[in-house]
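Chains E and D, in that order, give the protein sequences. If you read the first sequence in this note's numbering, its first letter stands for residue 1, the second for the next number, and so on. If you read the second sequence in this note's numbering, its first letter stands for residue 1, the second for the next number, and so on.
These aren't lab readings, by the way, just hints derived from the structure by calculation. Accuracy of the hints is not assured; some may be wrong.
Said to hold, decoys possible - Which residues of chain E face chain D? A few of them, derived with a C-beta cut under 8 Å, are:
| hint | residue |
| --- | --- |
| 1 | 357 |
| 2 | 361 |
| 3 | 376 |
| 4 | 381 |
| 5 | 404 |
| 6 | 411 |
To be verified - Across the chosen pairs, the derived CB separations fall in these ranges:
| hint | chain 1 | residue 1 | chain 2 | residue 2 | range |
| --- | --- | --- | --- | --- | --- |
| 7 | E | 669 | D | 2 | 51 to 57 Å |
| 8 | E | 724 | D | 2 | 51 to 57 Å |
| 9 | E | 631 | D | 96 | 53 to 59 Å |
| 10 | D | 13 | E | 519 | 46 to 52 Å |
| 11 | D | 99 | E | 341 | 32 to 38 Å |
| 12 | E | 392 | D | 25 | 49 to 55 Å |
| 13 | E | 556 | D | 25 | 20 to 26 Å |
| 14 | D | 17 | E | 343 | 43 to 49 Å |
| 15 | E | 392 | D | 13 | 21 to 27 Å |
For every residue, glycine included, the Cβ atom is placed at its ideal position computed from N, Cα and C.
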Amino acid sequence: MKKNESDRAAPGRGYRIASMMLMTLAPLLVVAAAVLMSFIIRHVDESREATARAYAAQAQIQEIFSLIEAAESGQRGYILTGRPNFLDASRDGLQVLDSQLTVLERLLAGDPEQVRLMRRMRAQVRTKLGVMERNLEIYRTEGPTAAGAYIAEERGKRAMDQLRLTVRQMIDQEDAALQVELQASARQEGPLRWVARSLVAIFVICILVAGWLARKNLRLREGLLEQLNEQAVRSVGIFDSAMDAIITFNPSGSVENLNKAAERMFGYRPDELIRRDSSLLMDLAPGEGLFLDRLGLDSELGSGAREFTARRKDGATFPAEAALGAMRLPDGVHVVAAIRDISERKQNERLKDDFVSSVSHELRTPLTAIAGALGLLQAGAAGPLPEKSQRLVTIAKTSCDRLVRLINDLLDIQKMAAGRVRLDMRSLNMVSVVDRAVEAMEAFAGERKVSIKLLAPDIRLPVIGDADRLIQVMTNLLSNAIKHSPEGAAVDVTLAVEDSQVTVCVRDRGPGVPETFQAALFSRFAQAEGPSSRNSGGSGLGLAISREIAERHRGRLRLHESSGEGAAFKLELPLAATATAPAVAARIRLLLCEDDPDIAEVLAISLERDGFQVVRVGTLAEAETTIRAGGIDVVLLDLHLPDGHGLTLARRLRDDPAFRDLPMIVVTADTMANLSGLTFADWITKPVDLARLRQSVIAALHGRPDLRILHVDDDVELTEVVKTALADCGRVEAAHSLAEARAAIERRAPDLIILDIGLPDGSGLDLLPILARDGPAPPVIIYSGQEVEADIIGGVEAVLTKSRVSFEALAQTVKGLARRPEETV
Amino acid sequence: MSALKVLYVDDDTFIREVAELALGLDSEMDVRIADSGTAAIALVSSGEFVPDVFLLDVMMPEMDGPQTLAALRRLPGHAATPAIFVTARAQAHEHTPLIEAGAQGVLTKPFDPISFAGEVRRLLAGG
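Extracted from the complex, chain E is given alone in its bound form (with noise of 0.2 Å):
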C-alpha cells in the first residue's frame, strides 16, 4: 500500500518538472526570437530607406542636369532665331534650379564624397549660368555674328561637359551606395530565415511536449480512477463483510450508511434506516445541536468508545458498545460508529464481579476473626502476654493485615485492568489533594519519625480528575517514600508546572530504588529484595496500581530519580483547561507581567488554551518596553516586580495618550496596595481562579464590566450547570427561591435574568414588576420546564423550554440579549 503510492509519486513529479520548464522556458525563447526580429526588421526599414535616398538623389541629379540642359538649348535656339519665346523655358527652369539644387544638397548630406562632388557641381553650374548670360549680353550688345564668335570659343560647350562629367560621377556614387545597401539587406536575410526556422521548431517541440504531458496526465487519472475502484469495491467488501455493526452518520445525525451486520444487529432493511434519526437505533446523544458536539467527540481525536443501550427493531433492547470515529469531510463531520453486542460480555463481568466479590467476602470472614483475636491478644484485651508471645502475635497480626490489604488491592487492580473502575472526574485543585494526601499521612510519618515538607505555589492548579484515586496515588507514594527514609529524615513533596502538566514529585532520602530492581518496580507483586523488603506491609501492588490510576487520568508516574541518597517519583498530570470552547479571543495579544516563574506558566498556559497569545515578561522594564513597541491588547500586571512596584507603571501608561484606556488587569497577592484614582479593568488576587482571569480578560475587551445574571431555579444542580454553561457570558448569580431573587434584586438589579415559572414560594412571574421599579427593566429570559407562550407574558425577551433547549442555545440567547444595547448606541 504504501509502497505504491511512493511509486505513484514519482512520475507525477516528473510530470510537474516536465509541465514547469515547458511553462518557463516556451515564453523565454518567443521573447528572444521577438527582440531578434524586431532587431532585423529595424535594420532592414533603414536598408529601404537608404535606398529610396540613393533613388531620389539620381533622379534629383538628371533634374538639375536636364534643366540646365533646357536652359542651354533655350539660349542656343534664342541666338539662332532671335526669337525671345525660346528664352522663356529656360528661364523658368533657372527659377526653380537653386531650390532643386539645395534639395539634392539635403539628399546627399550623409556622404562626404558626395558632399565634395555637390560643391564642385554649383561651381560648374555657376560658371555654365555665367557661360550663357555672357554669351545673351554679347547677342544683345553686338549682334548675332559675335555672340557666334563666343559660342565657338566653345567655353559653354567645356562648362557643360565638366558638369556632365560631375553628374556621371555622383550617379556612380549613389550607384556604389545602392550596392552597399543591396548587399547589406542580402546579409540580413540569412539570420531572418534562421529565426524564423527556430521559432517553427520551438513551437513543434512545445506542441509535442504538451501533448506528451498530456497524454501522462490522462493515464495518470486512468489509474488513479482504477485505484480508487478498486479501493471502493474493496471497502465495500470489507465493510460488508465485518463482524462489528458499522454504520456511518451525518454531520446532523442521520444514518447514512449501514453494513449488512448492522442489519443483521438491528433487523432494518438499509431503506428502512437511511436518513433516519439515530435515536430511532440508540440513545447516543439525545438533545439539540451538532452530532458531533452531542457525542461529546473530539473532532480533533476522532475517536472514542461509548457503551449504550440499542434498540432492535421489534423494540427489544440490548446492551451495545460503540467505536466512534470522526471523518471531516467537505459538508462538516460525519461519524462512523462500529457498534457491538456486549450482551454476552455484559453477563461474563457480572459473573466474574460476582465471583471476585464472594471469593474477597469468604476470605474476609475467617479473616476478621483472625485478625480480631490477635488484636485483641495484643492490646492485652487477653491479659498481659510474656513477651515472647506478645513478639509471636505481632507477627501474626502484622501478616493478617497485609493478607487483608492485598486482598483489597488484588480486588482494585483487577477491576482497574478491566477498565471497569468508573472514575469520578471533576476539576480538582491538585493542591488540595495534595494538602489532603499528606494530611492523611501524618500521622503514620510521625510513628516513623520521619516529616513531610510540602512545597506549593501559591495558585490553583486545576486537573480533571477522581479526588479518591488520586489521593490514594499520593498515599501510597507517601507511604512508600515513607518507609524508607531513615529516621529524622523528611520526605519533600513539590508541586509544579512543567510543559502544561502539573507535576508532584516526592522525593525521600531512603537508600534508593536498586538498579536491578528499576525496571520491574511498577509490575504486579514488585518488591525489592532486601533486609527490609517484606517486612515493609505492603501487597507490592501499590504503584502498579498507581501507575494504572495515572493513565486512566491521561498522566504518567515514573520513577524521576533515584541514587543512593533517595529516590524521587513523579506523578504528571494534564493542567486543566478552564474553559470548555476556545474563546474568540484569537489575535489577542496578552502582556504577563509576572515574576515568579510557575505562576506565569499556570497562567500564560491557561490563556494559551483559551485561544489568547501571551508575551510574557518578568520585569518592568521588559513590560514597558514590549507595550510601547505597540500590539498588546490587554496587560495583566503583578504589582511587585524585582525592578518595582507595578503601579508606577500603569501610573505612566495612564499619564500617555497612547496607552491611556489600555486595559490592564491587576493580579496580585497584596490585597492592601493603593489604587489612587488609576483605572483598572479588573484587580484578582492570588491565588488565582483562572476562570475568572479568563472572564476578566474578555471582558476588558469588551470594554464593559461583566454582565451579571441573575438564575432564578429551585433546581440547585441544574442552576450550576447553567452557571458553567454561561461562564463565557457573565458572572452568574443563583437564587433558588422567590424571596431570595428577592433579596438579590434589592442588592444590585441583575443585566439580565433566566427565570423559572415554577419555584417553592410562588411564580417567577411575580419577579417582574420589581424590575421595572427603577428604571429600565433587564432583559428576562424565561426558561422553564413548563410549556408557555411568548406573547402572553410581557416584558419577556425569550421564552426557552428546558427540555428542548440546549444550553448552547440559552448562551446565544444570553449573548444576544446582552449585545443588544451596545447595538443601539
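Go by the hints and put chain D onto chain E.
What follows is chain D alone, placed relative to chain E:
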C-alpha cells in the same frame, strides 16, 4: 449516663466472640450477641434486652441482615432504633443498598478490634 446497649448479630461464631470482646473494651457498652436474625428477633421481642443500636452482619443464612433489620424495626419501640451493618463486602457500590435499607452506617470486616467500639459510637453520632 447508663451504658449503651448493643445487639450484635452474626452467624460466624468466632467473629461473634471477637466482636463481643472488642466492644467489651468500651466499659460504657452493654453488649449482647445473637447468632441469627431469628434469635435476635426472639431476644428483642422478649423484652429482656432493649438495644439502643443493632449491629448486623449482612450475609447470613435464612434471614440476611437487611431482612433482619426490617423485622426488628417492626417490633414495638424499635421503629427508629439505629442500625449499623458490619460486612465483608468492601466495595463502595455494595454499601449503597445497605444505607438505603435504613442503616446509620456500614463498617467493613475485618475490623480493628481496638477501635471498633469507637467506630460504632462515631457512626451513631452521625459522623
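So, going through the hints one by one against the coordinates:
1. 357: Holds - the Cβ of residue 357 (chain E) comes within 8 Å of chain D, reaching about 7 Å at its closest.
2. 361: holds (4 Å)
3. 376: Hint on residue 376 (chain E): holds, closest Cβ of chain D at ~5 Å, below 8 Å.
4. 381: Since the shortest Cβ distance to chain D is 6 Å, the answer is holds.
5. 404: holds (6 Å)
6. 411: For residue 411 (chain E), the interface hint holds, since the closest Cβ of chain D sits about 7 Å away, which is under 8 Å.
7. E:669 to D:2: 51 to 57 Å: holds (56 Å)
8. E:724 to D:2: 51 to 57 Å: The hint (51 to 57 Å, Cβ to Cβ) holds, given that residue 724 (chain E) and residue 2 (chain D) are roughly 53 Å apart.
9. E:631 to D:96: 53 to 59 Å: About 58 Å separates the Cβ atoms of residue 631 (chain E) and residue 96 (chain D), which means 53 to 59 Å holds.
10. D:13 to E:519: 46 to 52 Å: holds (48 Å)
11. D:99 to E:341: 32 to 38 Å: holds (35 Å)
12. E:392 to D:25: 49 to 55 Å: violated (22 Å)
13. E:556 to D:25: 20 to 26 Å: violated (46 Å)
14. D:17 to E:343: 43 to 49 Å: Holds - the Cβ-Cβ distance for residue 17 (chain D) and residue 343 (chain E), about 46 Å, lies within 43 to 49 Å.
15. E:392 to D:13: 21 to 27 Å: Because 24 Å falls inside the window, the suggested range holds.
Checked against the numbered hints given earlier, this structure breaks hints 12, 13; the rest are met.
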